[in-house]
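Starting from the known structure of chain A, fit chains B and C onto it as the hints suggest.
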Amino acid sequence: MKDVESLWDLFQKRNVSRRNFLKTCVTITGILGLSPSLISDVVSAAEKQPLVPVIWLHGHECTGCDEAFIRSQSPFASDVLLNMISMEYMDVLAAAAGEPLEHHLQEVMKKYNGKYLLAVEGAVPLNDDGIHCMVGGKTFVHNLKEVAKGAAAIIEVGSCAAWGGIQAAKPNPTKSVSVSDVVSGKTIIKVPGCPPIPEVITGVIMHYTLYGQIPPLDSKGRPKQFFGNRIHDTCYRRPFFDSGMFVEKFDDAASKAGWCLYKVGCRGPETYNSCGNLRWWNGLSYPIQSGAPCIGCSANNFWDNDPFYNRMPNIPVPNAIVNADQVGIVAAGALTAGVVIHGALSTIQHKRHHKETHETENDNE
Amino acid sequence: MKRVVVDPVNRIEGHLRLEVVVDEATGKVQEALSSGTAWRGIELILKDRDPRDAWAFAQRICGVCTTIHSLSCLRAVEDALGIEIPKNANYIRNIIEATQMVHDHIVHFYHLHALDWVSPVAALKADPAATAALQNTVLEKYNLNVKGPIEFDTEAYPKEFPKATTVYFRSIQDKIKKIVDSGQLGIFSAQWWDHPDYDVLPPEVHLMAVSHYLNMLDRQRDIVTSHVVFGGKNPHPHYVVGGMPCSISMNDMNAPINTERLAVVDASINMTIALNNYFYIPDVLAIGEIYVKQGYIDGGGLAKERVIGFGDYPDEKYSGTSNGDFHNNLLLRSDGVVENFVQGVDKAIFYPFEAKDLSDPDVLTEGVEHSWYDYPEKDKDLHPWNGVTNPKFTGPKEGSKTDWKYLDENGKYSWIKTPKWRGKMAEVGPLSRYIIVYTKVKQGIITEPTWVEKMMVDQVDAVSNMLNLPPEKWLLSTVGRTAARGLESQVMGYISKYYLDKLINNIKAGDTSVANTDKWEPSTWPKEARGVGLVEAPRGALSHWVIIKDGKIDNYQAVVPSTWNACPRDSKSGYGAYETSMMDTKVKIADKPLEILKVIHSFDPCLACATHLYDASGRELTVVHSDPYLRL
Amino acid sequence: MKVRTVAVYYVFTIWTRIFHWLMVGAIAVLFCTGLYIGNPFYIGSQGVEPTFAVSNWASMSTIRFIHFAAAYILMASFIFRVYGFILHRGDRMLPKPWTKLFWTGMVDMGLHYSFLRSEHRPYLRNSMARAGYGGVYGMIFLEAFTGFAMYGQINPNSWLSKLFGPLNHLLVDEYIVHIIHHYVAWMIILFVIIHVYMATRADMSEKYGEISAMFSGVKFYDKEPDDVGDLKE
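Chains as they are written, first to last, in numbering that gives the first Met the number 0: chain A, 0 to 364; chain B, 0 to 631; chain C, 0 to 232.
Don't take each hint at face value.
[Said to hold, decoys possible] Derived BS3-like pairs (lysine-lysine); straight-line CA-CA distance at most 25 Å:
1. B:K404 <-> B:K423
2. A:K144 <-> B:K585
3. B:K571 <-> A:K169
4. B:K292 <-> B:K472
5. A:K248 <-> B:K548
6. B:K158 <-> B:K140
7. A:K354 <-> C:K206
8. B:K400 <-> A:K174
9. A:K148 <-> B:K400
10. B:K396 <-> B:K571
11. A:K144 <-> B:K46
Keep in mind the hints are simulated off the structure, nothing from the lab.
Only chain A is shown next, with the shape it has when bound in the complex:
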């Protein structure tokens, strides 16, 4: 890794003073949500840590996560791309195409074997040997397994890579699965979201480049600093929930007043993401703030938790659109009627039997 520079080297080359360098490290510490006591760690990490080669693969995706990546403002995507990592393969931004690009990929894999970071965007279709997604004339699942072998760690960027995403929704025509379903034995960081918040994607990359280690993860592999809490528990509209003040339908008076969207199906109570604290565009807004209920886009299987405007899924009953409460009330009613009838029949039977036994007893006397 002789050619690889650390952040401090870059600052020296750019004639930036150590004072400014330290200031930048303080800012970075703040962005990553780390405690100020870690500043010295950031400083030493930024000084020593070499630039990390990154390979970014695309499977079954919509490129929304690349778009989200370039929307990042702190750090800017340009700063990430040119100064923090070396983006060796990413067909969306790469200058080269086709054979030269694929050749370059092979070289990078050899040169940085075991040292590069692999970012994967998109799900892995397995149906029919994986032919529903072909890249460079080979199946994506084949390419992914090849590149994953030499990766230091893998980042699943977006809900498709992390969970399977929209193509894995029922009936999953292409049998799409997440990256972790086909790759094993590697450290995998899940960065779900459809797409993830821009600063969350760059934040994870930056954490890795600064510390040379992956951020602390939860039991499912998501960075705790970005996916630790439910949106509901960090939502600025939470007080309205606690007070029982709800939007009943779109654009009603409560909607204008900015009350809680729980009753119009908000998935905030089940969804782990940074929408409530980081928000989008560095704090500008997030769906709930814009009056739209969360659809839970960073949650596993969220596409099949529809319809999105109800709290509960519909129960398949022919010719009716009903949920569990409606079915429950009808079932409880029917059951009550059933036991009343059963009770009546039991009484009749009991009386008749009692009479019979009584008669038998009398006969015996």
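Just chains B and C now, with coordinates in the frame of chain A:
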């Protein structure tokens, strides 16, 4: 003769493979094949879902033209259910759409297309001082002098200008030098930087353009700030069937939209207009002029023959699309088909595209002759409402199923269907929109042009004057396609301002309604309904088709711009736009087909959108060139 | 007057009886508050006025507090249940599918309930009831696990979250956990309807003191119950 494969095609959305057969002696492309190599089956996933959720699913067709598919879906569902959205919702959706167009075009030009024209390596040879001087000249010279209507002129002076200083260009050059010296070129790796076409532009233009590449990479996010305000996020902002979820109130502190929020949108739109006027337009015209003057006017392809558009930007409320009301008050009336523009605007032939054509099973159809899908009746194309998405993969011509060498141009070779207008191929996109509007206005079909149409005609005339060439000579080319996108971006900046003005005026008049929820409950819906939603998306004419039965989606089909352009050939209708344009392009070095990348990138391919769904018989199919200018 | 000669069987300890009635109360409260939490309905105003649950004091946070408090009471009541279980054989009448008696009893009761057999054998607790109670314990545990899985996530670094949090991933996602919690609540209510009916029916037709046993702890039999072995050696 050499068969060259480009796979993956870079700097696009999704997975595209190109195969071209180049005559090395003449540089002529004898055969060209474009294949969408991924299929996700979103239409199948949409079946049986709640129509009120469909926008979110459809939105994920594409994250680059994010929002466009949801808009088209919403229009289709609202058309089916007979929902008329409030004025404010129409304005807000138009602001979101127009800013999306600018964003998509700017990111396309600077980040997905520029590196076909511009080389960071060539920029090293530039003199920073001369580059600063060049920047000044470019800003002075390439100014189209067009302006849209601005009622609330909130900006004291434009805030975004290119930096035309020596220090700036030197610092960028130093950075490029460091990257090149380090040997770690990152995203700039492995390109054919030694290709002779990178010598067309002087080094100073390269340095200026690379600087703008970086500058725009940092700025582009601010173009779509309106999506975050109105829809909560970007990519993939939120909507609601019947309007928008972002309620407006000046009486509540916690309202999604109030004066401050509109100010955020306003600042973003002002910036967007400046980015178009001081970066995009001067850059695209400066580079374009040099190329045109050096005779690079190939790559026109299907646009010479036939283009199609649907029209967009409803000025006021409309009651539906199928009933024709959508087309009654459009700001951009690019609806219709224009043939033969190559012989000049006077000889071009215009065919209207009317509401009744939408439901006519003979007007818009999709075929699967060369697509990896199966139709119930062979050779019978289907109207989107009756569309079937039934995958059937057949494998390549050479190589194995999972390791392709060459695809089979005579059999099935793409996951993209072949859409047709009256059985014929047509190109869509900004270029098509410009050709249609220009033809309609110049031929007097549009008697009273809207300000948008007038501005579009003025732009084309201004550029034609500058180049001293009639539009058919420069527009119908790779450069023309790229330039039309830039021109359109400028118009779209003003469109977003126009609708923000309208929104403010309407709020002023006391109307704050953003959603019509009268038909929110499924009990208010008809037992069966069908609808269509039309949008002029960044890449061209987009249509979504939905059938709703018993409160659920019964059939869903999307005929998207890149389907029109990237589609495989058809024995009766000829070649699609990508294939025609490649065959209309000269390739200097067969092993380094930069020109092919350039012409395909000029369409701004969006493959995840395009790929729906093949025929194992492997029968020989003769493709007829319907384009007289391409006949071999 | 006919004199009925019965033997008295001490079945339930006081601990189990306390548990039972605590559980009844807790489940009633949990179900009602749970319904509100799942779908905050209102009695009274709507729209611009706050849509409080029932009246001003019963906000969502109060109702949630009551829900969580009742859940803790239910959990705590299991201390009594376990104590009784350890203390007394009568409190250990679990379903024993490995015994022949369990299955003959099941058939016996099945025939009786479908009116094909007018009288069933005497049991301290019949096989169907045993299976039913086993089932309801299972459902309560499922409710407790899913409940704590959601509740613990308020503080993702807490031991509660570490203990139950992984359930959210095991069951696909927290949304599914919500749904399971909600569906099982309904199943418990359906159980309650059947249970109350069966107990009342047995009490009225069989005179073993089915209902009073949950107050007094004793049942009365004129013939020795088939499963008396569960009570005495």
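We went through each hint and held it up to the structure:
{"no.": "1", "hint": "B:K404 <-> B:K423", "result": "violated, 31 Å"}
{"no.": "2", "hint": "A:K144 <-> B:K585", "result": "violated, 38 Å"}
{"no.": "3", "hint": "B:K571 <-> A:K169", "result": "violated, 37 Å"}
{"no.": "4", "hint": "B:K292 <-> B:K472", "result": "holds, 12 Å"}
{"no.": "5", "hint": "A:K248 <-> B:K548", "result": "holds, 24 Å"}
{"no.": "6", "hint": "B:K158 <-> B:K140", "result": "holds, 20 Å"}
{"no.": "7", "hint": "A:K354 <-> C:K206", "result": "holds, 16 Å"}
{"no.": "8", "hint": "B:K400 <-> A:K174", "result": "holds, 17 Å"}
{"no.": "9", "hint": "A:K148 <-> B:K400", "result": "holds, 24 Å"}
{"no.": "10", "hint": "B:K396 <-> B:K571", "result": "holds, 22 Å"}
{"no.": "11", "hint": "A:K144 <-> B:K46", "result": "violated, 32 Å"}
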